[in-house]
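Enquirer: If you want the building blocks of each chain, they are given just below.
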Amino acid sequence: MRKNFPVLLALAALLCAVPARALLTVTAETDRNTVQIDDNLYLTVTVSGDSASVPEPKLPNMQNFNVYSSGRSQSISIINGKITTSVSFTYMLTPRFIGAQTIPSISVFNGREKAVTNELTVTVVKAAQQAPQQPAAPRQPAARPQRPSPAARTAAVKGERIFLKAETDRKSAYPGEQINISVKFYTSVPLSSNPQYMPPSFKNLISEDLPPVRNGETEINGIRYAYSEIKAALFALAPGPAQVGPATVIAQVPSQDQIDPFDPNFFQKFMAMSGAQGRSMEFTTNLVKLDIKPLPAGAPASFGGAVGDYTVSAAADRPDARAGEAVNFSVTVSGSGNLKAVIAPKFPDLPDFKVFDTMSSLDVRKDNDVITGKKTFTYILVPRSEGRKTVPPVRFSYFDPRAGQYRELQTEPVTLTVEKGGQAARSVNFNPGTPGAPVRASGSDIAYVSDQAGRDSLPLLAGAVLSLPWWVHTGPLALLTLSFWLARFNRFKLANPLLFRFRQARSEASRDIEEAEALIKAGKTNEAVALLYDSFLDYLSDKCGLKVSALTMKKAAEHIKRRFPATSERSLGEIRELWEALELRHYSPGTAGKEGASDLAKKYSLLLEFLEKELR
Amino acid sequence: MRRLLLALLLALPASAAAYDRGELVEFNDLYRAGQYEEALDGYRQLIAKEPANQWGWYNAGNALFRLNRMGPAVYHYAKAFTLDPRSQDIRGNLDFALRHTGQKLVPEGAPAALHYFYYIVSERELKALSLLLFWLGCLAWAAGYLLDGNKWSGPACRAAAAAGLLLLCSLAWLGARQSSAFSSAGVVTRAGGTRMLSGPGDNFKTYASAPEGRIVKILDTGDEAYYEIGLPKEGIKGWALKTDIEKI
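Going line by line, the protein sequences match chains A and B.
By the working numbering, the letter at position 174 of the first sequence is numbered 175, and the numbering carries on one by one without gaps.
By the working numbering, the letter at position 158 of the second sequence is numbered 402, and the numbering carries on one by one without gaps.
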């Protein structure tokens, strides 16, 4: 054993060194190894994985090529419940410099695994030179002789040697309807190097490149121009205004400066000019504004926002199956339009089947500058019982922008012959393990992202309370202080009723006088005098702290003298006089004329003023 | 009054739906398609719109986790946790991300149920609850003065006493939470960790390093460029660049 130990150790080390099977893979290849400077080459990056979706590759910064997306195609296969996805991303590369150019490693990362491609090297040769090792690559379609656009003619009239123009094929469209934009770079002078193109920004639009770059020559106003045209398909997102920002081209333009042969620095300038690459110039297009019309009303219930021209079909991967066995059922939407935005048609209720998640695969083509292709939605159906089972038609609606109306399509019904299921077909197992084996956790992962758009009520309420300004929270304290004071005041008032009667005597008497004056004006002199009499007695009662029933003129005078020794005899005399006068009028109503009652009210009022100064 | 309260309660869920649901679904589709960077950009827009919405932070944490940026992922989960500590998904993902960085959500030896109860309400909710109890106590006491003549046997005064007692409890809870791992804390978000210096400047000696994703206590925020941070488990403190730490 001791002898074999090093061998065992080496074997163990070897076993450990065997890498775990990588589930995520990425490969990159170009359609050729040599390309002319005025030609394009295709780079295909294929990402494969074991889930329904694979990450998009992250292209590194490539200064030596202009890169255009040229579409993608996806294939999903479900074999024995195992899902394999392979997506090919195609890019068109336009070389910028002559020589051996490197395409750096391209990486993909799905959150768990990372995969990278090898570096690729491409030889870029001069335009006239044919690639030596490779058979001639298919040339890009030659640009048809075109009539220069009015904008190009305007620029040419101005005598510009180099200019850049952007034009759309229409100024108005529906959301999702294809609008083609053409950015043309005209030059009547040879450039020092391949210019660098910076695409425009878009507002309320998404874009899809339409490669290849078209090159050609045209004559405008007698000037011969070479041009390069870059096209893109645009799709508006929502009704309203949309705009294409300025596109930019940076080019090395030969210097136009003439050298005076008699210039003392002639040789110096000549040498400098011949060695220079020219000066870097930037050309931009104008802003292009578009009007996006709203879709008309009356969309069918099955309309999911698709705009274009489509057909729809459905098929199962086999005509017969056993109960409990998985059947792949595909609904394919084909046609022209923004297929990326087409969503899965609503699947009808199928009581005879268990329906599992939808997976979609996309195949986009860009022939003749029209985005076409197909999008396939794959459902996994598991028949519940034997017999002839039918999947009813699936409805799909789209808006046809040419006709300006909605169209509704439906697939043909698909019938499956389902036989009685065997033991093995009782359940669907997408990750087959040992039958009957207990459930074992094979790993753990983070929970999926949340679709909840809003906050819960409790955090929202907390946020609302905490967002109140701080001084609002002093409110309850102020209220507490106020109620404390009010309670104490009430208690004091209850404990000292005479004091409050004494303090309020004047105000009550004044109120009575006003009321009496109103009665006098109304001609009710008797009631006025009665009111004044009662009021006067109440006033004296409050000031003396005696009950009205116990109040006589004598008692009142005595109390006043006792409580307020500073009271003058004149005041007492006035009190007596008013009392008698009121008593006389009160008990002999006939004597109470209108003027007499009014005098009494005035006298009472004056006496009040006087007494308030003395009875303190 | 009752109708007004009912209307307010009914209006709450409506106002709670703050995000544009279409946008969120779009970003989640990007996440689903493995375009985590693009999804993250979208979630960040949502956070900028409504910083108090826990789901923006949570989803951004998920995207960062998938991008293998553990420090920022822990920070985003921790923010979501401080906003909504009751969510099982947020707790689960925070714990998962913490375990990836050698930490645990529930401290060693602490019963999980007790830890759950301790964090059952967020600090914001606890502060709001304290304020509401303060309001209730003051109003009930004021009513007690006016209606019951400040007799403690009256219903208003009893309500005031109960509110006062609950207020004291919530303040004690809030005080205890100040010493929790997520209070006055930050997360090391710099890839590869941060250096802990013996002073707030590059001229001071580096004597420790805090790994990426580590939750640290922020002891001093006074300096322009440096935080004074502490690692309670190791019992050390030092100064780290503010750009390396995200305050929770």
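Don't take each hint at face value.
Distance condition first, Cα-Cα at most 35 Å in a straight line; then the derived DSBU-like pairs of lysine-lysine [what the hints assert, rightly or not]: (1) B:K371 to A:K115; (2) B:K293 to A:K294; (3) A:K115 to B:K293; (4) B:K491 to A:K115; (5) B:K293 to B:K449; (6) B:K481 to A:K614; (7) B:K348 to A:K115; (8) B:K461 to A:K347; (9) B:K491 to A:K290; (10) B:K486 to A:K115; (11) A:K548 to A:K614; (12) B:K348 to B:K481; (13) B:K348 to B:K293; (14) A:K290 to A:K367; (15) A:K548 to A:K522; (16) A:K525 to A:K548; (17) A:K232 to A:K375.
Reference listing, derived: stretches of chain A covered by chain B, where coverage requires no fewer than 3 residues with Cβ under 8 Å from a Cβ of chain B [said to hold, decoys possible]: (18) 55-65; (19) 458-464.
I should point out that these hints are in silico values taken from the structure, not numbers from a laboratory.
Yeah, the Cβ is synthetic: ideal placement off N, Cα and C, and Gly gets one too.
Enquirer: Need the status of pair K491 (chain B), K290 (chain A): alpha-carbon distance at most 35 Å?
Expert: Violated, at about 44 Å.
Enquirer: Would you check the hint for K461 (chain B) and K347 (chain A), treating anything up to 35 Å between C-alpha atoms as holding?
Expert: Violated, at roughly 52 Å.
Enquirer: Is K348 (chain B) within 35 Å of K293 (chain B), Cα to Cα?
Expert: holds (31 Å)
Enquirer: Is the Cα-Cα distance between K293 (chain B) and K449 (chain B) 35 Å or less?
Expert: Roughly 41 Å separates the two Cα atoms, so the pair is violated.
Enquirer: Is the hinted pair K348 (chain B) and K115 (chain A) satisfied, with a Cα-Cα distance of at most 35 Å?
Expert: holds (27 Å)
Enquirer: Is the straight-line distance between the alpha-carbon of K293 (chain B) and that of K294 (chain A) 35 Å or less?
Expert: holds (29 Å)
Enquirer: Between K548 (chain A) and K522 (chain A), is the straight-line Cα distance small enough, at 35 Å or below?
Expert: holds (31 Å)
Enquirer: Is the listed coverage of the region 458-464 of chain A by chain B valid when you require three or more residues with a beta carbon under 8 Å from a beta carbon of that chain?
Expert: holds (count 7)
Enquirer: For the pair we were handed, K371 (chain B) and K115 (chain A), check the Cα-Cα distance against 35 Å.
Expert: violated (45 Å)
Enquirer: Hey, K481 (chain B) versus K614 (chain A), does the alpha-carbon distance stay inside 35 Å?
Expert: Violated, at roughly 79 Å.
Enquirer: Holds or violated: K491 (chain B) and K115 (chain A), Cα atoms, limit 35 Å.
Expert: holds (30 Å)
Enquirer: Quick one: see if chain B covers the region 55-65 of chain A, three-plus residues with Cβ-Cβ under 8 Å.
Expert: holds (count 4)
Hint compliance for this structure: hints 1, 5, 6, 8, 9 are broken, all remaining hints hold.
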